[in-house]
Amino acid sequence: MAPPANDALVLLRLEGITKRFGALTANGDVSLDLRQGEILALLGENGAGKTTLMIILFGHYVADEGQVLVLGPGGALEELEPGSPHAALDAGIGMVHQHFTLAENLSAFDNILLGTEPLSAIKSARLPARKKLDELMARSGLVVNLDTRISNLSVGEKQRVEILKALYRDARGLVLDEPTAVLTPQESKTLFATLTKLAGDGLGIIFISHKLAEVMASSHRVAVLRGGRKVADLPTEGSSQRQLAELMVGYEITETVREPGTPGAPLFVLTGVAAGHGRDAISDVSLDLRAGEILGIAGVSGNGQTTLARVVSGLETVSAGKLMLEGDELGQVSARQMIDIGLARIPEDRHHDGIVGAMTVSENLAIEGIRKPENQRFGMLRFSAMRERAKGLIKAYDIRCQSEASPARLLSGGNIQKIVLARTLETEPKVVLAAQPSRGLDVGATSDVHKRLLAARARGAGVILISEDLDELMRLSDRIAVIHRGHLSQAEPTEDLDRGKLGLRMAGHDGEEAA
Amino acid sequence: MIRFEPRGPVAVSKVISVTVAAAVAALVLAAVPMLFAGLSVFEAYGLMIKGAFGSAFAFTEMLTRATPLILTGLAAAVAFRAKLWNIGAEGQLYAGALAAVAVGTGLISGPSFVLIPAVVLAGALAGGLVMLGPTLLKTRLGVDEVVTTLLLNFVILLFVQMMLEGPMKDPMGMGWPQSEPILDEAALPKLMDRMRIHWGLIIALISALGVYFLLKRTVWGFEIRAVGENASAARHAGIPVTATFIRVGLLSGALAGLAGVGEVAGLKGYLTADLSPGFGYSGIVVAMLAGLSPIGVVFAALFIASIFVGADSMSRATGVSNYLADLIVAMALLCVLVSGLFLKFKIRFVGAPHAKEASK
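So the protein sequences, as listed, match chains Z and E.
Going by this note's numbering, the first residue of the first sequence is number 46, and it counts up by one from there.
Going by this note's numbering, the first residue of the second sequence is number 15, and it counts up by one from there.
Please keep in mind that the hints were generated in silico from the structure rather than gathered at the bench.
Here the structure is a predicted model, which is why all the values come from computation and not from measurement.
We treat Cβ as the ideally placed atom computed from N, Cα and C, and that holds for glycine.
Careful: at least some of the hints might be erroneous.
[Said to hold, decoys possible] Calculated pairs, DSSO-like style, for lysine-lysine (alpha carbon to alpha carbon, straight line, at most 30 Å):
#1 K97(E) with K417(Z)
#2 K546(Z) with K256(Z)
#3 K417(Z) with K358(E)
[Stated by the list, open to error] Okay, the calculated bits of chain E under chain Z, using three or more residues with CB under 8 Å as the criterion:
#4 242-248
#5 251-258
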């Protein structure tokens with residue numbers, strides 16, 4: 046991508062930003078420039094301080110040291126009042142948070158205008174606003190139906206509303222926090238096309254990411270943060286994915302490789318299973334998982350994979366069809382029974398379903414087996430045994446936490462996933478269900494998850510891997526099936542598939558080759 | 015400008031000291047209306063302290079008042095821990111009292127070691143069963159338990175009134191709507207001669223220790239905490255969420271029912287429809303002041319009881335209404351809830367930065 050000319054004006058400058066939370070230094074002496082018309086990728090692992098830095102820029106936090114400068118009307122850089130989102134907005138900085146800040150019950154139009162209308166205005170200036178927005182949409186290609194309630198919009202549309210909101214306020218610089226975390230591959234592509242266009246019109250853009258592919262494809266310059274410090278700032282052109290990945294994690298990366306294996310007998314079989322209601326329902330789903338294989342399930346989010354995962358987890362009532370484990374029909378099973386017969390489940394939403402944040406790491410490691418004799422005697426908890434086992438698991442699975450007694454909510458996403466992995470895999474389950482196991486995780490944590498799943502496969506377990514990440518699926522799975530509108534296709538060996546074929550099926554075209 | 019930044023975990027000692035500071039702040043704030051009422055603040059508080067702690071009689075009266083508050087406080091605390099919003103302790107208290115009277119006024123006869131446990135069990139069971147209905151409606155049909163438990167309070171109170179006007183009316187009661195007196199063998203013994211303090215206090219303290227032990231040390235307690243903090247993760251991890259709610263509902267109702275048993279079988283001796291001046295509702299305040307900790311409930315109940323008993327005594331001496339007690343309790347609750355904010359967030363004052371630099 047062609048970067049803006051070198052003489053483009055510096056729009057934004059962070060100078061020596063330092064921010065500490067207690068003993069933790071979230072940002073240490075970070076300096077950064079953003080030029081007009083430039084797309085800057087802020088790359089780093091989870092917890093590297095990317096979001097903190099951008100939140101300081103936007104004024105939600107105040108830096109302990111350092112300052113934020115913006116291009117003033119006179120053409121010189123002026124200090125931005127710290128700790129004031131209002132000042133940031135006035136200076137033309139817009140921010141699109143990872144979790145959207147939209148009022149669900151208002152229309153897109155109302156959301157965009159929210160906070161821009163003075164309280165004392167006698168008649169609201171809705172007509173001119175409408176006109177301005179229509180122009181903006183035409184120019185940027187960000188088209189949304191402005192009269193629709195936010196709750197009826199898709200995630201991608203909500204994001205467009207957020208960007209329009211910033212543009213409507215005449216943003217000169219736009220910050221996007223992990224904009225693609227919630228988007229389908231197609232939506233991400235559209236988003237970056239739009240951003241490139243906006244940058245062409247002179248907008249300065251910073252986007253936070255830890256996905257290397259999109260950083261390489263869509264940015265002019267990359268700043269890499271590691272442990273709160275800036276470790277690199279280089280033009281995207283001429284750098285490589287591998288180089289960036291190593292800058293990000295700080296050590297050399299070894300790729301996880303799937304050794305060819307010999308799948309055994311059918312282990313876990315679903316026949317004609319139907320469950321769920323509405324958009325996420327599944328019908329007539331059949332699959333046969335064999336021992337010692339990873340069966341990938343690809344699909345765009347919202348096509349029934351959540352329901353499928355809930356069925357296998359014992360959380361959803363099956364309305365038709367049957368489940369069989371090693372030839373025995375399971376009937377209607379609860380989560381408890383699924384655990385007891387040797388089924389490990391890694392939930393899609395690890396914060397919501399995986400851990401109890403207020404409880405300790407040790408308690409979260411014991412929660413699935415809390416009624417087993419090793420954790421209790423006559424209904425009394427065996428604390429020291431739980432603690433000892435937790436210490437062992439923390440070491441074995443490299444869970445980074447202050448101690449086994451810290452509340453689990455204080456851990457990073459990757460370490461929370463390690464808690465889930467540790468407690469489900471330590472019992473050597475026969476079947477592993479991994480739903481979106483690396484979603485939102487950084488490179489290091491992702492490779493850890495992959496190694497664990499491959500280890501389970503090597504041990505002879507069958508693994509069902511539900512994912513939206515095609516690279517992950519192609520790399521790990523022996524066979525891949527595609528789920529679309531609640532129907533699951535026949536699984537095919539990964540060797541016979543490619544991204545194009547899978548992509549077509551995910552979009553609903555059937556198995557026949559589209560000529 | 016003031017801004018809030020989240021804090022990590024806070025030490026227990028800090029939680030306790032902040033709570034105590036909040037209670038003191040409430041007393042300071044309540045001094046303002048006292049001044050308006052023309053009282054000398056120190057004298058008024060002096061009278062209150064004397065009224066609650068000044069003599070053996072005052073002290074035992076305070077403990078007698080704290081007894082039902084500990085039990086209703088525990089009822090609220092254990093339910094709220096599981097995020098089961100039981101607002102119906104008042105009704106469960108009356109149900110417990112009604113059952114105690116039904117059993118203890120001649121239904122069965124026998125020595126004390128048979129009758130007293132029978133009365134206590136009947137009261138606990140009745141309270142638990144009253145809470146079972148709303149719990150089942152919540153787990154089966156998703157009916158909001160705040161509404162059902164709250165409205166049941168009125169249903170039960172009217173039912174008690176009906177029973178006291180009808181089948182359970184004391185024929186020797188000179189026409190007053192009250193039950194027959196509890197048999198001497200069924201009454202909870204007094205703890206001290208010539209004082210009103212009774213064995214209900216011991217039952218309350220044992221219950222507090224029991225609930226503490228349950229929550230902290232047992233599998234059921236673990237499951238209650240897990241369900242309360244994150245029900246969907248608990249369900250995913252195979253914890254029986256519905257069964258846990260039912261257990262908590264039964265326990266919470268039973269604790270409130272015990273409060274009714276104590277009042278009727280330990281203190282009054284017979285049941286009237288004005289047995290409780292809102293102990294069930296005050297129990298919610300007690301539980302919140304205690305931060306839902308069972309041991310904290312004991313201290314919060316003692317605090318509230320001493321305010322009420324002290325204010326009664328002060329009001330008799332000065333002629334100022336004892337509504338002041340309600341005011342202080344309300345202030346204390348507000349202060350403690352606000353102090354919770356300080357425990358969760360670091361509050362930073364960010365003045366105009368330029369002004370700060372100029373002053374350097």
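Now the hints, each set against the structure:
no. : hint                 : result
1   : K97(E) with K417(Z)  : holds, 26 Å
2   : K546(Z) with K256(Z) : holds, 23 Å
3   : K417(Z) with K358(E) : violated, 35 Å
4   : 242-248              : holds (count 5)
5   : 251-258              : holds (count 4)
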